Amino acid sequence: DVKVTQSSRYLVKRTGEKVFLECVQDMDHENMFWYRQDPGLGLRLIYFSYDVKMKEKGDIPEGYSVSREKKERFSLILESASTNQTSMYLCASSFRQRIAKNIQYFGAGTRLSVL
Amino acid sequence: SQQGEEDPQALSIQEGENATMNCSYKTSINNLQWYRQNSGRGLVHLILIRSNEREKHSGRLRVTLDTSKKSSSLLITASRAADTASYFCATAAFNKFYFGSGTKLNVKP
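The listed protein sequences correspond, in order, to chains A and B.
The numbering used here numbers the first residue of the first sequence as 970 and each following residue consecutively.
The numbering used here numbers the first residue of the second sequence as 2 and each following residue consecutively.
Note that these hints are calculated values from the structure, not bench results.
None of the values given here were measured: they were computed from a predicted structure.
We put the beta carbon where it would ideally sit given N, CA and C, even for glycine.
Careful, some of the hints might be misleading.
[What the hints assert, rightly or not] These stretches of chain B come out as covered by chain A in the derived footprint (C-beta under 8 Å, 3 or more residues): (1) 41-55; (2) 100-110.
[To be verified] Computed list of lysine-lysine pairs in PhoX-like fashion (alpha-carbon distance at most 20 Å, straight line): (3) B:Lys97 to A:Lys1022; (4) A:Lys1026 to B:Lys97; (5) B:Lys97 to A:Lys1024.
Using the sequences and the hints given, assemble the complete structure.
Next comes the structure, spelled out in structure tokens:
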């Protein structure tokens, strides 16, 4: 079974803090994704990566950055957390580089509250 | 935008009844996928239907795709209380996935 593990289920941070969300997958997937999920807005893609050290902006990259130093790990960084970044963050991975043709496997999510 | 939109937003049925959810999208796709999300958890893939397929079955799930109408439907037959979850369609094109905002299904025992 594919396992996508997000380091925290719940996080509470203060405005202005630097926040790291970590995601690890154990299936040697090339593609990894970060989404945020808000009520009524569905899932919105923040960033994705199709290889180590490669990254592509999604639909809402502002205020976020990412790091992919190893194939199995994809980190989402909030440089200076703001209250409008309070959300559920979901990491996903998929096999091969043909993103549109593949199933995505999701982690359990990190619910981030920025106070 | 490419984003799929599910309809209805919420659906409440009795155990044993069938549940039908619809998804509409705007542009050409490679495939369309349905995912399920239990409350507060990640999404789990249910079924994928390719753009050249019209219908697909998996257990109690039946998915149809009408590319001329840019729409898909997910039918869950003989629903169970354990089917209570949110269901999302995802359209895949141009190297990206687009998820709708989901249908929240409540199956009452």
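Problem - Proposed proximity, Lys1022 of chain A with Lys97 of chain B (alpha carbon, max 20 Å) - result: Holds: Lys97 of chain B and Lys1022 of chain A sit about 19 Å apart, inside 20 Å.
Exercise for the section: Mind checking the alpha carbons of Lys1026 of chain A and Lys97 of chain B for me, to see if they're no more than 20 Å apart? Expected result: The hint holds at about 11 Å.
Handout entry: Proximity test - 8 Å, beta-carbon atoms, the stretch 41-55 of chain B to chain A, at least three hits
Key = holds (count 7)
Problem - Holds or violated: Lys97 of chain B to Lys1024 of chain A, with C-alpha atoms at most 20 Å apart - result: The hint holds at about 13 Å.
Problem - Three-residue Cβ test at 8 Å for the coverage of the stretch 100-110 of chain B by chain A - result: holds (count 4)
The earlier numbered hints are all upheld by this structure, with none contradicted.
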